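K.L.:
Given the structure of chain A, go ahead and fit chain Z onto it with the hints provided.
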Amino acid sequence: MLEIRDLTCGYGAKAVIAAINFDVRSGDFFGVIGPNGSGKTTLLRALSREIPAMKGEIVLNGQNLLDIPQRDLAQIVTVVSQIVPFSDMTVEEFVLLGRIPYFQPMQFVESRKDYEMALESMTLTDTLRLKDKRITHLSGGERQLVQIARALAQEPKLLLLDEPTAHLDIAHQAIVMDLLKKLALNLNLTVVMVLHDLNLASEYCDRLLLIDQGEVHSLGRPEDVIQYQSIEKVYQTVVVVLKSPVSGKPHVMIVPEAKRG
Amino acid sequence: MKSAAWVFWIIALILILAGVSGWSLSVGAAGIPVNKIWPLFLQGPGNTEYSIVFDVRLPRVILGFAIGGALSLAGVILQGMFRNPLVEPYTLGISGGAALGVAINIFLGLAGAGRFTFPLCGFLGAGVVIGFLYVASFTRGMVKLQGLLLTGVMISFIASSLVMLLMALSNSESLSGIVFWIMGSLSESDGLLITGMVMTALLLLMVSYFFCHHLNAFALGEVEARHLGISVERTKKSLFFISAVLTGFCVSVAGMIGFVGLVVPHFMRKVVGHDHRILLVASFLAGAIFLIVCDTIARTVIAPLELPVGVITGIVGGSIFVYALARGEA
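Chains as they are written, first to last, in numbering that gives the first Met the number 0: chain A, 0 to 260; chain Z, 0 to 329.
These are calculated hints, taken from the structure and not from any lab test.
Quick caveat, the model's predicted, so the values are computed rather than measured.
C-beta atoms are modelled at their ideal positions from N, C-alpha and C, and glycine is treated no differently.
Each hint should be verified, as a subset may be incorrect.
What the hints assert, rightly or not - Ranges between beta-carbon positions, derived for each pair:
id, chain 1, residue 1, chain 2, residue 2, range
1, A, D22, Z, V6, 44 to 54 Å
2, Z, L324, A, Q235, 35 to 45 Å
3, Z, V152, A, Q103, 35 to 45 Å
4, A, F21, Z, A135, 22 to 32 Å
5, Z, V152, A, H166, 30 to 40 Å
6, Z, N83, A, K54, 35 to 45 Å
7, Z, N83, A, L65, 27 to 37 Å
Unchecked claim - Here are the computed lysine-lysine pairs in the DSS-like style, where the Cα-Cα straight-line distance is at most 27 Å:
id, chain 1, residue 1, chain 2, residue 2
8, A, K180, A, K130
9, A, K242, A, K181
10, A, K232, A, K13
11, Z, K1, A, K130
12, A, K258, A, K180
13, A, K258, A, K242
14, A, K180, A, K248
15, Z, K143, A, K13
16, A, K132, Z, K143
17, A, K112, A, K156
18, Z, K269, A, K132
19, A, K54, A, K112
20, A, K181, A, K132
21, A, K258, A, K248
22, A, K112, A, K180
23, Z, K269, A, K130
24, Z, K269, Z, K1
25, A, K112, Z, K1
26, A, K258, A, K232
27, A, K232, A, K248
28, Z, K1, A, K54
Claimed, not checked - Under 7 Å between C-beta atoms, here's a sample of chain Z residues computed to sit facing chain A:
id, residue
29, S171
30, S175
31, G220
32, E223
This is chain Z alone, in the form it adopts within the complex:
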């Protein structure tokens, strides 16, 4: 009975995802009706409309799917592990590290060295923070979650201060580069990076699913989870790494897209319940839907100019959140 409801939610979310993707492919500076997309695909490459849909818009939809899903999944995992609904992927300072890496790259003008330098520097920055957090909070085989959280928040502050320092020292060209990167964008068009991001997101979704019972038991606290036969320390380490890698990849590829990892898990908990067996998958799909919608708004609302998607996720997500709070539903 419960699993029937779960199947219903998954099918419903997949249908919404398909609908939203179709809409995103069709709207833009050049409006292409949804029913023309399939014939275009059959015709194959060659005309302008084909390349608008399949070379420009489709990569963004796919990247939105992977990044939105990954951020939201990381949020669900972290909120469940910390038993705290205000934790999000960026709380741990991993994104701060990535931002600092990219800011250093822009400041030193390394971008000329090749197309992969941004994600590479971002990932290096994220990796340094992950390593530091690991060493700082994982002592003698034990993980102190509160310590991990506080260290992460402090790293976030330090990193953002350093980024601001770099911005203050930058010339105006580098400055706008850093600002745009920090606000986040899905305009990455490199096929290899997009494929890598999709693979990572889906693979870690599968891996995290093996921890669904662990996350459910964590709702009772670490002590109770142990009494239910769960190896708590191993679980915390695994979940930390899953969410850290998800966040690191997302920030490296798309910059800081805030709010997805905070709002979407929160809402899915209200909609499908707190059981992680459905919550993990539902949050992934809902995160994907949310980000694709926000990105489509970002690139159409003042077309042909494009707004940073992080601005839209903040405005849309924040408004929904406040509205729900005011109605007493959040």
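Pulled out of the complex, with its shape left as it was, chain A reads as follows:
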């Protein structure tokens, strides 16, 4: 699905990501982890073509990302962000915005298919009950689900998410991650997300990419990537890694300074 070749990118002349190489396979549930400032978000912005590559290339389905017209790209790749719209629109209107990449040049009103797709997206994300509510009146958890609904209305093949569980309580974290996992499976979506929570990443993702100062530290199954040696080295802190008694996936525990030694 995605091949990242020698990718170097950043802001201005400063490279945040340096000569990175990895692949994302079709159907992957792919997590990007790493400390603050390691370049996770920058990588995601390069994947969504928000910032250009300084060197190297990103290949999407065999085509260089830069060669894909904006509208075609929007029909393949969708970004779920935490943007609050300027105007106080209803949830349904917000979700319908996801249909913009499918409008024909002289089409000013949504077609039946556009409404059906919006309805389906809201059903899948359990947000249909919020249809007529104003976006600004939603709770953080609801808003995240509505963002995902809008992304789905765009009928993407590749879903990019920047910290989809930020500022959510554990129940909503589970709701969002379970939903994404289910969508990936049922709609055959490829999902690439930046995650701060190592345990969520370990529990849900098929594959993880651990970034350290703009370079790939390790890439593979959670069992291989989340090992205390790697985490301690990359995050510069003391941790213990144990297996979850339920899933057998590695979980990271912080060791406070007073208990070290």
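P.N.:
For chain Z alone, kept in the frame of chain A given last:
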């Protein structure tokens, strides 16, 4: 269902526009009942009442329609593009440029050269500012919207200071000329200018309608709009030019008529919603209605004397705005 509501609003606004226009044609120093206007039209030219209605009042109504609609449309476009409800057509300094052009014209006494010198100088002034803004903020194919806004506000200040300088140096005759022009008026009676203004306003309304989805996507921000498949840079340039030309034309023909481009889009957003597919058309019509009403008040309230219409739009628009704010509706 949504489009049914939109059709309703458009029909309602057109009916109000027709009603307001009829009222504007009938009131004034010589009151002519609305039901007498059609017979007058059938009789054709020849009597005084005909020329009051069709030669004096009708051009003002038509010009009010075009200018009110154009200013309000420019306001909607700019507010949508900047995601800022306080931006209005005059924020970008285009009107300041036009005002300076006309002030220079009056100061140098060029008006004798022909009837078109005012709008021409106004348009030249506006054009210089548009060109400057373009060069200053459109670098390497990118438009920095915040930079554009700040540059525009600064140009406004510079231009108004220069206009004041000219006013300080003027004799009293030129001074009152500049003051009256700055306050705005719909008394332009040249048929060609009025036709040109109407054509421009309607044409750019149509052009801007092709950007309705773009403007809707801009509500989420530039980055999100790009993710929705929109060529953001091209859109910003096009929208900038549409609103700049609209503003330039309006200011050149009618002077500075403030508040229409700020208040009307704001209110229409409350009334018909934020979707630009209806908002563009509704704001155009509502702007036209608002300006025709204000102009009619301006020329009747202390008839036969006439108040500058900019004064009325400020007082009426500002009062409604403050009232709505106080009731928590704005």
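K.L.:
Now, for every hint given, state plainly whether the structure supports it.
P.N.:
Structure-based check of all given hints:
Checked against the hint of 44 to 54 Å, the pair A/D22 and Z/V6 passes, with Cβ atoms roughly 52 Å apart. One distance hint, 35 to 45 Å for the beta-carbon pair Z/L324 and A/Q235, is violated here, with the actual separation near 52 Å. The supplied range of 35 to 45 Å is met by Z/V152 and A/Q103, whose beta-carbon atoms lie about 39 Å from each other. Distance hint for A/F21 and Z/A135: a CB-CB separation of about 42 Å, inconsistent with the stated range 22 to 32 Å.
Look at Z/V152 against A/H166: about 35 Å separates their beta carbons, and that is inside 30 to 40 Å. In this structure the supplied range 35 to 45 Å holds for Z/N83 paired with A/K54, their Cβ-Cβ distance being about 37 Å. Between Z/N83 and A/L65, the C-beta spacing of about 32 Å keeps the proposed range 27 to 37 Å intact. In summary, the hint linking A/K180 to A/K130 is supported, as the alpha carbons are separated by about 23 Å, within the 27 Å threshold.
Note on A/K242 and A/K181: the hinted pairing holds, with a Cα-Cα distance of about 24 Å set against a maximum of 27 Å. The straight-line distance between the Cα atoms of A/K232 and A/K13 is roughly 24 Å, inside the 27 Å bound, and the hint therefore holds. At roughly 14 Å between alpha-carbon atoms, Z/K1 and A/K130 fall within 27 Å of each other, so this suggested pair holds. Between the alpha carbons of A/K258 and A/K180 the distance comes to roughly 37 Å, so the proposed pair goes past 27 Å and is violated.
A distance of roughly 21 Å separates the Cα atoms of A/K258 and A/K242; the hinted pair therefore holds under the 27 Å criterion. Of the pairs offered as hints, the one joining A/K180 and A/K248 holds, with about 16 Å between alpha carbons and a cut-off of 27 Å not exceeded. Distance hint between Z/K143 and A/K13 is fulfilled; the C-alpha atoms sit about 21 Å from each other, no more than 27 Å. Annotation: proposed proximity of A/K132 to Z/K143 is violated, straight-line Cα distance about 33 Å (limit 27 Å).
Pair hint A/K112 plus A/K156 holds up; C-alpha atoms about 18 Å apart against a cutoff of 27 Å. Among the hinted pairs, Z/K269 with A/K132 is consistent with the structure: their alpha-carbon atoms are about 16 Å apart, no more than 27 Å. At most 27 Å may separate the alpha-carbon atoms for a hinted pair to count; A/K54 and A/K112 exceed this at roughly 41 Å. As the CA atoms of A/K181 and A/K132 are separated by approximately 25 Å, the hinted pair is consistent with the 27 Å bound.
The hinted pair formed by A/K258 and A/K248 meets the criterion: a straight-line CA distance of about 25 Å does not exceed 27 Å. Only pairs whose Cα atoms come within 27 Å are accepted, and A/K112 paired with A/K180 is accepted, the gap being roughly 25 Å. Of the pairs offered as hints, the one joining Z/K269 and A/K130 holds, with about 20 Å between alpha carbons and a cut-off of 27 Å not exceeded. For the hint linking Z/K269 to Z/K1, the alpha-carbon distance of about 16 Å falls within 27 Å, and the restraint holds.
A distance of roughly 16 Å separates the Cα atoms of A/K112 and Z/K1; the hinted pair therefore holds under the 27 Å criterion. Restraint check: the Cα-Cα separation between A/K258 and A/K232 comes to about 19 Å, which is no more than 27 Å; the hinted pair holds. At roughly 20 Å between alpha-carbon atoms, A/K232 and A/K248 fall within 27 Å of each other, so this suggested pair holds. A distance of roughly 48 Å separates the Cα atoms of Z/K1 and A/K54; the hinted pair therefore is violated under the 27 Å criterion.
Look at Z/S171: its Cβ only gets to about 47 Å from chain A, farther than 7 Å, so that hint breaks. Proximity of Z/S175 to chain A is violated relative to the hint, the smallest CB-CB distance being about 43 Å (cut-off 7 Å). This hint holds: Z/G220 has a C-beta 6 Å from the nearest C-beta of chain A, less than the 7 Å allowed. Restraint check, Z/E223 versus chain A: the minimum CB separation of about 5 Å is within 7 Å; hint holds.
In this structure, the earlier hints numbered 2, 4, 12, 16, 19, 28, 29, 30 are contradicted, and the remaining ones agree with it.
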